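Student: The listed protein sequences correspond, in order, to chains A and B. Positions 31 to 233 (my numbering) are the ones given, in order, by the first sequence. Positions 31 to 233 (my numbering) are the ones given, in order, by the second sequence.
Just to be clear, a hint being listed does not mean it is correct.
Stated by the list, open to error - So these bits of chain A aren't anywhere near chain B, every CB distance computed over 12 Å:
hint : residue
1    : R36
2    : R41
3    : A46
4    : E64
5    : L71
6    : G183
7    : Q189
8    : E203
9    : P229
Claimed, not checked - If you anchor each label on the Cβ, the simulated ranges turn out as follows:
hint : chain 1 : residue 1 : chain 2 : residue 2 : range
10   : B       : T228      : A       : Q175      : 12 to 22 Å
11   : A       : D173      : B       : T218      : 16 to 26 Å
12   : B       : A42       : A       : A99       : 27 to 37 Å
Think of the hints as simulated: they come from the structure by calculation, not from any bench. Quick caveat: nothing in here was measured; it's all calculated off a predicted structure. Each residue gets a CB set at the ideal place from its N, CA and C atoms; glycine is no exception.
Here are the chains, one letter per residue:
There are 2 protein chains.
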Amino acid sequence: MAQQERGTRSRAAILAAAAQVFDERGYDAASTTEILARTGLTRGALYHHFPSKEAIAIALVEAHSEALAVPDQPVKLQAVIDLTLAFAHRLQDDPVLRASVRLAVEQTSFSRPPQTSYDQSNTAVLGLLQQAEEQGEILPGVDLQQAASTIIGSFTGLQVMSQVYSGRADLPERVSVFWQFLLPGLATPGMLGRLRTTPPPAR
Amino acid sequence: MAQQERGTRSRAAILAAAAQVFDERGYDAASTTEILARTGLTRGALYHHFPSKEAIAIALVEAHSEALAVPDQPVKLQAVIDLTLAFAHRLQDDPVLRASVRLAVEQTSFSRPPQTSYDQSNTAVLGLLQQAEEQGEILPGVDLQQAASTIIGSFTGLQVMSQVYSGRADLPERVSVFWQFLLPGLATPGMLGRLRTTPPPAR
């Protein structure tokens, strides 16, 4: 195995192990010693890739941004709904995303600006809502920034509550129900019958 | 000062100091040493009232229940809205309630069932929604348990996000906006114009 390939594998192994440890323990209680123990790598190999625990956490938060890939959908409100459903689905069993969300929700000594993940989500959701408005999908008079903040804030809490009650097993269902309540205050009446609030059949 | 009165004051001082420490540091990083330092009491006095850090946290969680006092309102959907607005208002500067919410949102070694605070909220909100339905305030076909879970889950995330962006200064505004989006999917059309989503003028 070439040295570069070995390096890439080591980095991925560290991130995967760190995600588990951050997800299970939170930032402050996570230790590089435990992360190392789960990878079998040396401390030297760890520091080659990441100078500190914080550097690992920053790399994990970037996973949050990657999970916001916007679905290719002609109906832009459907794209927003599908974005939240896909995010909910990935949160169920992607430890990297789970770790990044826990880093965003809990107050810890992790010094990265805590708004980062919310700002990333806001950019994605607000952009889609603006396209939805241009296409006439949004009720007149709706403040799009308020809508985006409400969607992101509510999602944040729905996933906390789903984690507490079911380890996130019921998260897609909770998100689907949220949309059924929210859409009458957001979408034009003509859109309501056309929007699907459950995951696409292909899943 | 009588011994009993001194005891009551000591207990309140411990809870007030503990609330600050839990709110600032979270459960795992909070120490009884720091709580004691803020009260000026002896360790013996602390253990007289609370056998452990966990016992203090349990007493704080009870504050969550007390904050769910149901407003006396003939319109029951208005009572639900006012309950969330009053809770938002208290979260801004009541350290005991802030601590109890942090204990509910974060995953820590605190062993009390994490559902407790959500169950308490559910009892209060669902009870009001049932009365609202009896009074004809709710859209036909709405699942009241789903509505209660959506309101509580969304509120949970709105306050996390408000904490991150403004230290909860904008929380009442975020809750008010949430209701403006949610009500068209929850209340009968005739109710919509009658419901106030901002705090009562008396505040």
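Student: Against this structure, judge whether each hint is valid.
Tutor: Results for each hint:
no., hint, verdict
1, R36, "34 Å, holds"
2, R41, "27 Å, holds"
3, A46, "20 Å, holds"
4, E64, "15 Å, holds"
5, L71, "27 Å, holds"
6, G183, "4 Å, violated"
7, Q189, "8 Å, violated"
8, E203, "9 Å, violated"
9, P229, "17 Å, holds"
10, T228/B <-> Q175/A: 12 to 22 Å, "18 Å, holds"
11, D173/A <-> T218/B: 16 to 26 Å, "24 Å, holds"
12, A42/B <-> A99/A: 27 to 37 Å, "52 Å, violated"
Violation of the numbered hints given earlier is confined to hints 6, 7, 8, 12; the remaining hints are satisfied by the structure.
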